[in-house]
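Protein chains in written order, with our numbering: chain A, 50 to 367; chain B, 6 to 294; chain C, 1486 to 1757.
Among the hints, erroneous ones may be present.
[To be verified] The following label-pair restraints were derived from C-beta to C-beta distances: (1) H347(A) with R140(B): 55 to 65 Å; (2) Y260(B) with P309(A): 32 to 42 Å; (3) R19(B) with E1663(C): 18 to 28 Å; (4) P73(B) with S174(A): 51 to 61 Å; (5) Y260(B) with S176(A): 26 to 36 Å; (6) P216(B) with D287(A): 56 to 66 Å; (7) R1495(C) with P216(B): 20 to 30 Å; (8) Y260(B) with G1610(C): 21 to 31 Å.
Read the hints as simulated data drawn from the structure, not as lab findings. All of these numbers come straight from a predicted model, not from anything done at the bench. No residue lacks a Cβ here, since even glycine has one placed at the ideal position from N, Cα and C.
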Amino acid sequence: MITRRGAAAGLGALMLARGALAQEMPKPGKRDWAKEIPVMRIGLLGGENDADRLARVDGYKKLMETTFEVPVKLLVAADYAGVIQAFAAKQLESAYMSPAAYAAAWLESDGDVVPLVVTQEQDGSKSYVSVMYVRADSGITSLAEMKGHSLAWADPNSASGYLIPRAEFRAQGIDPEPGKYFSSTGFAGGHEQAVVAVLNHQYDAGVTWTSGIGDPAEGYTRGNLRMMVDKKMLDMKDLRIIWKSRPILNGPLTVRKSTPASYQADMLAFHLALPTAYPDIYHTFDMGSGKGWVPVQHADFQVFIDMLQQEAAQRRHR
Amino acid sequence: MSAAASLETAFQARRRTRLVGGLGGCIALCAALLLAGWVSEAYPSSLIAGAPRIGEYFWKLLPDLRPPVLFAGTETQGSLAYWMYRIDIWLWLLFETSQMAALATLSGALLAALLCFPAAINLAANRAVHFAFRRVLELFRSVPDIVYALILVWTFGVGPLAGILAIALHTVGALGKLFAEVVENADMRPWEAVRATGGTWAHGLRFAILPQVLPNFLSYVLLRFEINVRGATVIGFVGAGGIGQELYSVISFNYYQEIGAIIVLIILAVSLIDLTSEKLRTLAIGRVE
Amino acid sequence: MTDVARIRARFPRAFGPPPLTRALRWLGALLFVVWLIALCFWFDITPARLSRGISGLFVILRQMIPPSPGAQWQDILQGLAESVAMALLGTFVAAVIALPLGFLGARNVLVNALAHFSIRRVFDGFRGVDQLIWALAFVRAVGLGPLAGVLAIAAADICVLAKLFAEAIENADPRQKETVEAVGGSRLLAIRFGLLPQVLPVLLAQVLYGFESNTRSAAILGVVGAGGIGLQIAERIKVRYWDEVSFIIILILVTVAVIDQVSARVRRRLIG
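For reference, chain A alone in the conformation it holds in the complex:
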């Protein structure tokens, strides 16, 4: 909420000078849609400390402020559920979400969200995978051996940490409800917390997201495991990966559909041009080795909406 306009303007001018070569970047200046959107509210997830998050988002936020001459407000939610409800309450303009959270937001807001772009990885793919990990010393080497053990979910609105594993287990004939195949299941309170819970012997296994490419010993190229390794919270020697899911489409940068079309077009252009126009800001914001952003359609996420509705229906059959 601290908009240091003077510094932002100076910084912005410097960056604009550098980025003068990128034609696709929207020209700086106040837009018509600024009348309807006097403040751009961006939803962010908690789970990093404030200093890290601010450092990560600061350049991005300032660039947006200087480009569109509209103040940007960051709203922090503890989990996806808060972001989803904020969209439904028309309290957010945009947020970066998991595909399952996008689907839930679409259902909750009666279709008032539209996906703009997803991250494209270095190898060109647009997806990640969910992996199941156990402690290396637990003696469990496969999903078959997980029978009768406990499993930690990450977040109710996470594709990799809840929805996709459940759908895939069901397809294999495994009932993911506690007491059926797994002795017990529970929510650990987040992706990081799930890993910590498994390391602390509270659960035998957990599911989380990774890129699936690269060296497992380093936590792969992207993902929660990689982030934890980088933060020195995790040594991959302590974990073993025993299961991988099918590829999951990356989560979209989502905007509220009830915003003016010109706003959505501006956002699209801004994000498509950002990686090439301001690579430093992009890489700091992206936190990983993504190559850039590519546009997506709502239809790409229909499968997640179907999965959510199936989950809700399944719930009644116990």
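Add chains B and C to chain A, keeping to what the hints say.
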């Protein structure tokens, strides 16, 4: 005559100062409220914009009950069974929650009972001891149980144990303060009698103080249990077990009917516990006579 | 027969409870111990787990000292200001709405027994809903931020204050009202001069106490996104910046103590 007149003027003068003081206080209050409104972003515009959504949200929580099929089976939409289809899980979780609250209240009360006597000025060895113990109890009391739970979940893990310990820690402070006040209000004559006949501090405690304070202690413990049951219902929000975890999940999933069902069950359970506790409390206090 | 035996024969109860009561007490104690053991099994409370947890707790406690505000201390101060503001506004709104409700719920104002009973049960019912639950619901309704917290505090407090108000009104001395009516005052005047002066000090005390208590609970509403310092605490706990956590806790303690003092002084001036 002049006495009446001077009384009248004195009355008017006092009235004026009181009115001015009252007006000043009102202005200060209004200023504070406006400031508070600004800081907490409680703008009338957002309230008006949000009001229909509030109504909409609570409307969605109401169950879809249709009188013709009210007593039909779990498969029929509109029946009570359809609405409360997970009632076995929920009732079990509510039972678990009440037991968590019971264990937490008990352990907290025990520790509080131990700490309250040094904290009471009439029993403490000296002023420094009294001060120290009172401050320690205050410390325990001032931290909300959710904050304890947030921290304890990290060390003791996800589950009811963290919740029980969190509520117990807060209870030590809350009950300790009340216990100490009861002890301070106790009649000291039996105490002096016991000490005069050669009894130790412990003897005095056991035979002179305890019989007086126990009924009040019991009453406060039961009152605290009521409050702790409420606390235990939500401590699951941070992963510390009980029905709170289930409630948090269904709120995250936006399963509105289930949210409504769980809230109704919580209200019923808490009301039942409140009524029982009230009966027990009148029994406990009644025993003094 | 010796003296003791004679006294014992005449006053058996002075020497201790009869065997039946003693047996029942032993049975009760046994059941109690069985219950405790059952709970320990149920909640997985083992000595190993407890010792592991306590040692982990000491590690955390060591990291909590010395407390430090950290780099984002402005956020902490803002969070604290939000919590206090939420508590003030929420308690005030609750008091304003609870006052007429309290009158409705009082036996000496609303004489119909059935209406009185049902209204009081409604108060009791909603009292069972914890503030956090209201907060989550309001966050869903009006979005993240302190407004949801204000509404949550108000909603939870209305029920509590209404019940306390109703009880205070019921416990008021009826003679003062009767006196006013006896000298020809209307019903309204009777309430204004016969009831209010008795009841107002009690009401004010309850409201002030509510404000102090709500400041403490406003600190936690942030955990679910309803504004205030709770979110700051939860985030720092998530990333294990324990020294900042202890700093925030101390700050909360100090704030609550200050408000406690202020409210005690206000109470003394208005009532004493």
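Hints, verified against the model:
1. H347(A) with R140(B): 55 to 65 Å: Holds: the Cβ-Cβ distance is about 59 Å, inside 55 to 65 Å.
2. Y260(B) with P309(A): 32 to 42 Å: holds, 33 Å
3. R19(B) with E1663(C): 18 to 28 Å: For R19(B) and E1663(C) the Cβ distance comes to about 27 Å; the hint holds.
4. P73(B) with S174(A): 51 to 61 Å: holds, 55 Å
5. Y260(B) with S176(A): 26 to 36 Å: holds, 29 Å
6. P216(B) with D287(A): 56 to 66 Å: The hint (56 to 66 Å, Cβ to Cβ) holds, given that P216(B) and D287(A) are roughly 58 Å apart.
7. R1495(C) with P216(B): 20 to 30 Å: With Cβ atoms ~23 Å apart, the hint holds.
8. Y260(B) with G1610(C): 21 to 31 Å: The hint (21 to 31 Å, Cβ to Cβ) holds, given that Y260(B) and G1610(C) are roughly 22 Å apart.
The earlier numbered hints are all upheld by this structure, with none contradicted.
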